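Colleague: One-letter residues, chain by chain:
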Amino acid sequence: DAGITQSPRHKVTETGTPVTLRCHQTENHRYMYWYRQDPGHGLRLIHYSYGVKDTDKGEVSDGYSVSRSKTEDFLLTLESATSSQTSVYFCAISESQRGGNEQFFGPGTRLTVL
Amino acid sequence: AQSVAQPEDQVNVAEGNPLTVKCTYSVSGNPYLFWYVQYPNRGLQFLLKYITGDNLVKGSYGFEAEFNKSQTSFHLKKPSALVSDSALYFCAVRDQGNTPLVFGKGTRLSVIA
Chain A
1 DAGITQSPRH KVTETGTPVT LRCHQTENHR YMYWYRQDPG HGLRLIHYSY
51 GVKDTDKGEV SDGYSVSRSK TEDFLLTLES ATSSQTSVYF CAISESQRGG
101 NEQFFGPGTR LTVL
Chain B
115 AQSVAQPEDQ VNVAEGNPLT VKCTYSVSGN PYLFWYVQYP NRGLQFLLKY
165 ITGDNLVKGS YGFEAEFNKS QTSFHLKKPS ALVSDSALYF CAVRDQGNTP
215 LVFGKGTRLS VIA
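Residue numbers (this note's numbering), protein chains in the order written: chain A, 1 to 114; chain B, 115 to 227.
I should point out that these hints are in silico values taken from the structure, not numbers from a laboratory. None of these values were measured; they are calculated from a predicted model. Please note that a few of the clues may not be correct.
[Said to hold, decoys possible] Think about it this way: if two alpha-carbon atoms lie no more than 20 Å apart in a straight line, the pair counts; the simulated SDA-like pairs of lysine to any residue are: (1) B/172 - A/99; (2) B/136 - A/53; (3) A/57 - B/115; (4) B/219 - A/61; (5) A/57 - B/117; (6) B/163 - A/96; (7) B/219 - A/39; (8) B/172 - A/60; (9) B/219 - A/95; (10) B/219 - B/162; (11) B/163 - A/84; (12) B/183 - A/61; (13) A/57 - A/22; (14) B/219 - A/22; (15) B/219 - A/40; (16) B/219 - A/38; (17) A/57 - B/134; (18) B/219 - A/96; (19) B/219 - B/122; (20) B/219 - A/53; (21) A/57 - B/213; (22) B/219 - A/59; (23) B/136 - A/11; (24) A/53 - B/212; (25) B/183 - B/197; (26) A/57 - B/122; (27) B/219 - A/84; (28) A/11 - B/119.
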């Protein structure tokens, strides 16, 4: 999984509680992404970052915030978790967003909101 | 806006037979196309990509994909399927801008012994 770790790998939480997921890379790639994976929806982009403190929204950003204070770390926060945010969350990285530059994915975090 | 469609949720094939997983795309301008594979409880792994040039692209694990501009397709193929090829396959596309990849909904491939 290309020098990408995600923590925690599994989490069960209750509705209304805040949750933070962490993505850590050792590749020094500029771009980092958070996706969620749900049956019937495939992979949907939540937020991405193009540098320290530089972030942008993806397709399904409502209810999520992100922060990137260091090149190697990208945090995803659910301010007040809801059952609809039960999903598998994947972090990805890439050197560039142009042309044939592929994205590399972490192992995923399975989040259950009760 | 760029988009990608995988028209089949599930593909079943017998071991040893050829397999095809379909993908069609929509972009303005020339596309950059990718295939990824996901094994159970794992992240996505890059298989192959099309940038330019030869329409037949070869990738990992014996997979190849054929780019067809007139049909806006990028189908994944393998001449002889293995049981170990059973997994979830994702097609992705990027246009010529500075953008994240856009993924299809995935196709589950089952290879039956």
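Colleague: Of all the hints numbered above, which does this structure not satisfy? Sort the numbers upward.
Modeller: Hints 2, 8, 9, 11, 12, 14, 17, 18, 20, 23, 25, 26 and 28 are the ones this structure does not satisfy, whereas the remaining hints hold.
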